[in-house]
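Here the protein sequences come in this chain order: A, B and C.
First residue of the first sequence: -12, per my numbering; consecutive thereafter.
First residue of the second sequence: 74, per my numbering; consecutive thereafter.
First residue of the third sequence: 110, per my numbering; consecutive thereafter.
In case anyone wonders, no lab produced these hints; they're calculated from the structure.
Fair warning: there could be bad hints in the mix.
[What the hints assert, rightly or not] 30 Å max Cα-Cα, derived DSBU-like pairs, lysine-lysine: (1) B:K137 / A:K26; (2) A:K216 / C:K159; (3) C:K159 / B:K124; (4) B:K102 / A:K124; (5) B:K164 / A:K124; (6) B:K88 / A:K26; (7) B:K170 / A:K(-5); (8) A:K9 / C:K169; (9) A:K13 / B:K179; (10) B:K126 / A:K9; (11) B:K214 / A:K13; (12) A:K26 / B:K164; (13) C:K159 / B:K164; (14) C:K646 / C:K383; (15) B:K164 / B:K179; (16) C:K185 / C:K168; (17) A:K13 / B:K170; (18) A:K124 / B:K126; (19) B:K124 / A:K9; (20) A:K9 / B:K88; (21) A:K249 / C:K561; (22) B:K214 / A:K200; (23) B:K124 / A:K4; (24) C:K767 / B:K205; (25) A:K157 / C:K561; (26) A:K4 / B:K137; (27) B:K137 / C:K646; (28) B:K170 / B:K88; (29) C:K561 / B:K137; (30) C:K767 / C:K547; (31) B:K205 / A:K200; (32) A:K(-5) / A:K13; (33) C:K169 / B:K137; (34) C:K169 / A:K26.
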Amino acid sequence: MYAFDYIKATSLDQAAKLLSEKEEAKLLAGGHTLLPTMKQRLAAPGVLVDLSGVSDLRGIAREGDAVVIGAMTPHGEVATSAVVRAAIPSLAELASVIGDPAVRHRGTIGGSVANNDPAADYPAACLALGATIVTNKRSVAADDFFTGLFETALEDGEIVAKVSFPIPDKMGYAKFRNPASRYALVGVCVAQKGSTARVAVTGAGSNGVFRWKEAEAAFATFDPASLEKLTMSPAGINGDIHADAEYRAHLIGVMARRATAKALGKRL
Amino acid sequence: MAMTMSGEVVLPADKATVWAKLNDPETLKNSIPGCQSLEKTSDTSFAAVAKIKIGPVSATFRGKVNLEDLDPPNGYRIAGEGEGGVAGFAKGGAVVKLSDDPAGTKLAYDVEAQIGGKLAQLGARLINGVAKKLADEFFAKFAEAVKAGA
Amino acid sequence: MSATGIGARVVRKEDHRFITGKGRYVDDINRPGQSHAYFVRSPHAHATIKSVDASEALKKPGVLAVFTGADIAADKIGGLICGWMIHSKDGSPMKAGAHPALAQGKARYVGDHVAVVIAETLAQARDGAEAVVVDYEELPPLPDMTLATAKGAAAIHAEAPDNIVYNWHLGDKAATDAAFAKAKHVTKLDIVNNRLVPNAMEPRAAIGEYDDGDGVFTLYTTSQNPHVARLVLSAFIGIAPENKLRVIAPDVGGGFGSKIFIYAEETICVWAAKKVGRPVKWTADRTEEFLAVAHGRDHLTHAELALDGDNRILGMRVSTKANLGAYLSTFASSVPTYLYAPLLSGQYNIPSIYCEVDGVYTTTAPVDAYRGAGRPEATYVVERLIEVAARERRMDPTAFREMNFVRQFPHQTPVIMMYDAGNYPLALKTAMDMHDVKTFAQRRSESERRGKLRGLGYSAYIEACGIAPSAAVGSLGAGVGLWESAEVRVNPIGTVEVLTGSHAHGQGHETTFAQVVADRLGIPIENVSIVHGDTDKVQMGMGTYGSRSGAVGISAIVKALDKVVAKGKKVASHVLEASEGDIEFKDGQFQVKGTDKKAGFGDIALQAYIAHKFNGQELEPGLKEGAFYDPTNFTFPAGVHICELEIDPSTGATEIKKWTAVDDFGNVINPMIVEGQVHGGIAQGVGQALAEQAVYDKSGQLLTASYMDYCMPRADDLPSFEIGMITTPAPSNPLGLKGCGEAGAIAAPPAVINAITDALGHEDIAMPATPQAVWRACQKRPSRLAAE
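Extracted from the complex, chain A is given alone in its bound form (with noise of 0.2 Å):
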């Protein structure tokens, strides 16, 4: 690790100020992406603004038909709240999926987005429950918000201050754990609101999370079935030592009709 200045913020708009102003500061939520990343020095922040003291940033709360978190809020908490339980059980086993029990008690859901791996769990339940990323400055639909590979439309001095997840009639996420990292080697979410189906799948994309268009017009019916004849073409697919593009591909269907089983409460 290089030296840097450490500057525990108190709000959100002093937060906001601080990344503005300094010269190459970044954010520390649950710091295990960056804190890593610097022991190796292959970040060198010149200040480090720790979010963890902005009390309102953390805590869930049921708002109207969506489940609000607050970007602080560490996976564990996520996965253990009574609120998301009641309101979209998959969510809470998403994030009681995320790492090993060290991760979840630092890792942050706004961390997570913001970071936007291409193997994080997050994301793809972003996506396919159509969440919104509120900001200090604005609200961004998923949609727009994930860009590409550790990218996002988050801009200059703009801080995640929560994720409001809509409340789906069904959800369902399956992952296929990369077995020496345990990040999501492909992990797909499937979600259910009326006649819609949404399907995200993170892992595998070679440009990071992604939806599955042609499978979420391909549920005729929301069941596993429906995906059976549909295949993901390797292009455009990571390939690394764990697996090649090909096999990825193979794994988002299972996990896709997987998670859409899991969705109907069934296991397939």
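Starting from the known structure of chain A, arrange chains B and C on it as the hints suggest.
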């Protein structure tokens, strides 16, 4: 860790114009992702500094860019290598071929890239995606430059 | 059996300090005035070092010194050694290149030590290292054996122009060829033994210190054998004579073989301590450990088994290429030769065996002993061949094993080993009963109904432990003797310190050794302390590896205890006024035969030191005895493991459902600790079979240098193991111990792969059987029906 990829774009300009842009330091500087400086050291070589940011990782590469196998106005190979300090090193190149197209000029490219050191040791899962992203960015910006100049 | 004696499940004495954070590891130690070392490592697999410019680094705040290969050459510091000479078929000695502690002229793998920066703080040392400018000229990377042995490949060391270190062989080629010529069936297999990275919980670390007053160096290091480290650093590397070099290996958090070896880093720390006049500390970070710890395994093998018309084994032919990495590590040469081929007979009667091994240099980290060291590789060859041969002959794999088992002991194999005791059919039968193999077919059908493929795999392993008779290993090329030493110091009030040349790094010696002492002397276990890991306290020792601490280390203690008892009887004869021959020692009491005259062990100890009751000229005061024990044979732990697993063909995920292990470790001192060793060994073996793989790309970059990409087995990858034991005591040592430390890691890989191939219905899968590999294998049509 090595990767290869290829692609093509059709540019709304004639071959001679595209060729000229391919040899124009200013265009190259604007197209190379994160390029902070590109100084000519000979007719076909440049000293370059590029700052690459991928998620939380940022690394500044210092090195050179060479233009090789020149075949005006049909194509060349643009090759670069740089030292990224603690991050390791990167090198690679793209064989660029120009051909006439009804809509202007077709630019086809075959990219190969290699990284070593910490980036390879820790970032293997991301390499394909990152390489594709950087190549796409280069040719997208280059296409913009051609369109702007056309 | 007493509550703390031999055979008791005594809770580990050392765990109190480990689980309360009171362990004292090298990194916990900080010396006054300590400085920190950080190594500049090659980012290239193979490169000429044209220059190293440290001028900017030396200007950085806190930087005390920067050293390169030129500095160690100028100080005439010798290279790291390989301590086992192997000769090629033609009788020529192995072609070993130099292994300088800092690269001289050339870097030969990614992570090779090019320079070291020593600074006030670790951060300053890292800053300095980043400022060192090394001008490399890249040479062709040769990260795998195919590339390294291709025609015209660049030489990694000038001494081995074709990158072949040796072409070694063992066995009778003519007899084996003759056996194959008359065979009715030949089973052939190509086998990959995947490259692994040892992952001790504690990474390597070292602190070097030099006392200018008396000219003594001290090295704190993460070593499995501090005396061997001292010997090598003194006699070969030339740091200082042994009497001026103290090596301390305090608590060490796991080794698995990787901490046997003498590495560049500790050599540099102890050497540099004098150069900078300050203690020098280095602790590996995890990625450094991945890059530069000695890796394990990495064999390519073609193996053949010849059978007669009755399916009896006639012969075995094995041809192996072993990747030794870029330099020969301390015992690298012996692992794929004498620790491998002599185990190819497995548990079977095989009249003729011929094995040839090419040791190959590549531009990768050095490869050396890793839990099992050669024996897992041999067992994988044997047990895959046996299983496939049975399948090809449409025989039940257990019946095929049964009919070919060795049943008479001693049994001389055609590859050196003389098996002295065992009961292989009993282990197999016990395991099959425990596993409920009879009902496997029902479990398989039930899996099929859920769309899953279920498989059952066996592994009947044998290993040679307790290494080893010194004369025997000497005749095979070892540079050292492999005895062990012990000293038993009885204090005047009857408490005991045992100094052992064995070294514990997770094995629980402080408990098991104390159990033996308490049992033998009839004293409370609390009265026994085990001292190890310091060359100033323990006179000599060969260390812990190869499951030798029981069979050899404890045997030395037992021998010393016998001397203590004999001396005690002499003292007792004066105290009890009886002739020495009439004194018996039992349950902690010296007693005059046939009388009730007796004295406790503590009383006799006190009398030995007071020395009032005997003439000090005739009987020396005091009670302290030492012993060196050199075994008469290897020991041969053996057993049967059964793996039952389920494959999800739609994803390739494999789930181990049931695991039964029946081992014969001879007599057992602490069954709980032994079971723990078996559990850990199986986990490591399953890791090799399903998950672990060191991956170098074509340019020689290590792509698996963190846990993001190097996959370790986790608790939830494993079922609860069913562990059983049978006992045939080892005849070669006083307590009949065989050793248990490596068994699981040796047994597990073929059990897993035999189960996977049973489920798949074909043999086309290599380790590690990752989900992707298994999914691909599921796309291939079964070449046979699943075994019924």
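Status of the hints after comparison with the structure:
no.: 1; hint: B:K137 / A:K26; result: holds, 29 Å
no.: 2; hint: A:K216 / C:K159; result: violated, 60 Å
no.: 3; hint: C:K159 / B:K124; result: holds, 27 Å
no.: 4; hint: B:K102 / A:K124; result: violated, 33 Å
no.: 5; hint: B:K164 / A:K124; result: violated, 40 Å
no.: 6; hint: B:K88 / A:K26; result: violated, 49 Å
no.: 7; hint: B:K170 / A:K(-5); result: violated, 53 Å
no.: 8; hint: A:K9 / C:K169; result: holds, 26 Å
no.: 9; hint: A:K13 / B:K179; result: violated, 42 Å
no.: 10; hint: B:K126 / A:K9; result: holds, 18 Å
no.: 11; hint: B:K214 / A:K13; result: holds, 28 Å
no.: 12; hint: A:K26 / B:K164; result: holds, 25 Å
no.: 13; hint: C:K159 / B:K164; result: holds, 20 Å
no.: 14; hint: C:K646 / C:K383; result: holds, 23 Å
no.: 15; hint: B:K164 / B:K179; result: holds, 25 Å
no.: 16; hint: C:K185 / C:K168; result: holds, 27 Å
no.: 17; hint: A:K13 / B:K170; result: violated, 42 Å
no.: 18; hint: A:K124 / B:K126; result: holds, 24 Å
no.: 19; hint: B:K124 / A:K9; result: holds, 19 Å
no.: 20; hint: A:K9 / B:K88; result: violated, 46 Å
no.: 21; hint: A:K249 / C:K561; result: holds, 19 Å
no.: 22; hint: B:K214 / A:K200; result: holds, 28 Å
no.: 23; hint: B:K124 / A:K4; result: holds, 25 Å
no.: 24; hint: C:K767 / B:K205; result: violated, 44 Å
no.: 25; hint: A:K157 / C:K561; result: holds, 28 Å
no.: 26; hint: A:K4 / B:K137; result: violated, 38 Å
no.: 27; hint: B:K137 / C:K646; result: violated, 59 Å
no.: 28; hint: B:K170 / B:K88; result: holds, 10 Å
no.: 29; hint: C:K561 / B:K137; result: violated, 55 Å
no.: 30; hint: C:K767 / C:K547; result: holds, 14 Å
no.: 31; hint: B:K205 / A:K200; result: holds, 23 Å
no.: 32; hint: A:K(-5) / A:K13; result: holds, 12 Å
no.: 33; hint: C:K169 / B:K137; result: holds, 27 Å
no.: 34; hint: C:K169 / A:K26; result: holds, 20 Å
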